[in-house]
Structure formats: structure tokens, C-alpha cells
Amino acid sequence: MTREEMLSYCLAKPGAWLDRPWEGDEVVKVGSRIFAFLGAPEGEARVGVKCGPSREVADEWLHRFPEDARSSPYIGRSGWNTLRLGGRIPDEELIEAVDGSYDAVVAKLPKRERPTA
Numbered sequence: 001m002t003r004e005e006m007l008s009y010c011l012a013k014p015g016a017w018l019d020r021p022w023e024g025d026e027v028v029k030v031g032s033r034i035f036a037f038l039g040a041p042e043g044e045a046r047v048g049v050k051c052g053p054s055r056e057v058a059d060e061w062l063h064r065f066p067e068d069a070r071s072s073p074y075i076g077r078s079g080w081n082t083l084r085l086g087g088r089i090p091d092e093e094l095i096e097a098v099d100g101s102y103d104a105v106v107a108k109l110p111k112r113e114r115p116t117a
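For the sequence shown, the UniProt record's numbering assigns the number 1 to the initial residue and increments by one for each residue that follows.
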């Protein structure tokens with residue numbers, strides 16, 4: 001899966017929109033919250049997603065894909081991982097990780113910010 005394909009997939013989620021909160025970095029949000037960190041367009045093809053409610057749950061990715069998954073800087077303790085695109089993680093599992101991150105973020109949004117579709 002390429003970065004462009006991942007970005008397109010993320011943006012196809014209900015209520016999703018692209019933001020550039022930091023110079024050169026792109027994220028995809030739903031409501032006011034980020035559910036996918038994509039980094040700089042010219043950087044390594046990766047996606048940062050919430051992989052579980054805790055670090056312990058998210059660590060499963062690190063054990064299964066040690067070359068392609070790592071704890072996200074600063075927010076890793078909250079269950080966020082950075083997953084490399086185009087590596088050994090199957091595209092279907094990357095999609096499932098994005099879906100899980102999106103669902104977790106939407107569930108925490110105030111009702112007024114949740115997508116209706």
C-alpha cells in the first residue's frame with residue numbers, strides 16, 4: 001500500500017478531513033481529533049494509528065512486525081503505533097488498524113462532532 005492509497009482510504013471515512021497542524025506533516029482527522037498521522041509527503045511511507053486502548057494491547061503489533069511497527073513518539077503510551085507502509089504488514093491489516101483507530105476516536109468524540117453517515 002502506498003502513502004497516496006492510505007491517504008485516500010483515510011479521507012474516504014465519514015467526516016474525515018486532511019489537516020497540516022505542524023509544518024510539513026499531514027494528519028487525517030474526524031471532528032477535531034486525529035485518527036491517522038501520515039507525516040511528511042516526502043518522508044517514509046507510514047501511518048500512525050491508535051492500535052489499542054493501552055500500550056500493552058498495542059505492543060502486539062511490535063511483536064508481530066518488529067521491523068515495521070514501533071511505538072509512536074510522545075503518544076505511544078496511550079496505544080498509538082507507527083506502522084510502515086509497503087513492508088511486511090499486509091494491506092488488509094493496515095486497513096483494519098486504520099478502521100480501529102477511526103472507530104476509537106469517533107467513540108470518544110462529543111456527539112455534536114460525530115459524523116452522521
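Note that these hints are calculated values from the structure, not bench results. Some hints here could point you the wrong way.
To be verified - Taking lysine-lysine and the DSS-like style, the derived pairs with C-alpha atoms no more than 30 Å apart in a straight line are: (1) 29 with 111; (2) 13 with 111; (3) 29 with 108.
Stated by the list, open to error - Now the in silico label distances, taken between C-beta atoms and shown as ranges: (4) 57 with 91: 27 to 35 Å; (5) 67 with 114: 34 to 42 Å; (6) 18 with 108: 15 to 23 Å; (7) 62 with 95: 27 to 35 Å; (8) 93 with 23: 25 to 33 Å; (9) 2 with 112: 28 to 36 Å; (10) 88 with 115: 30 to 38 Å; (11) 23 with 60: 32 to 40 Å.
The structure presented is a predicted model; accordingly, all values stated were derived computationally and were not measured. For every residue, glycine included, the Cβ atom is placed at its ideal position computed from N, Cα and C.
* Asked: Among the hints numbered above, which are violated by the structure, and what are their numbers in rising order?
  -> Violated hints (numbers, rising): 4 and 7; every other hint is consistent with the structure.
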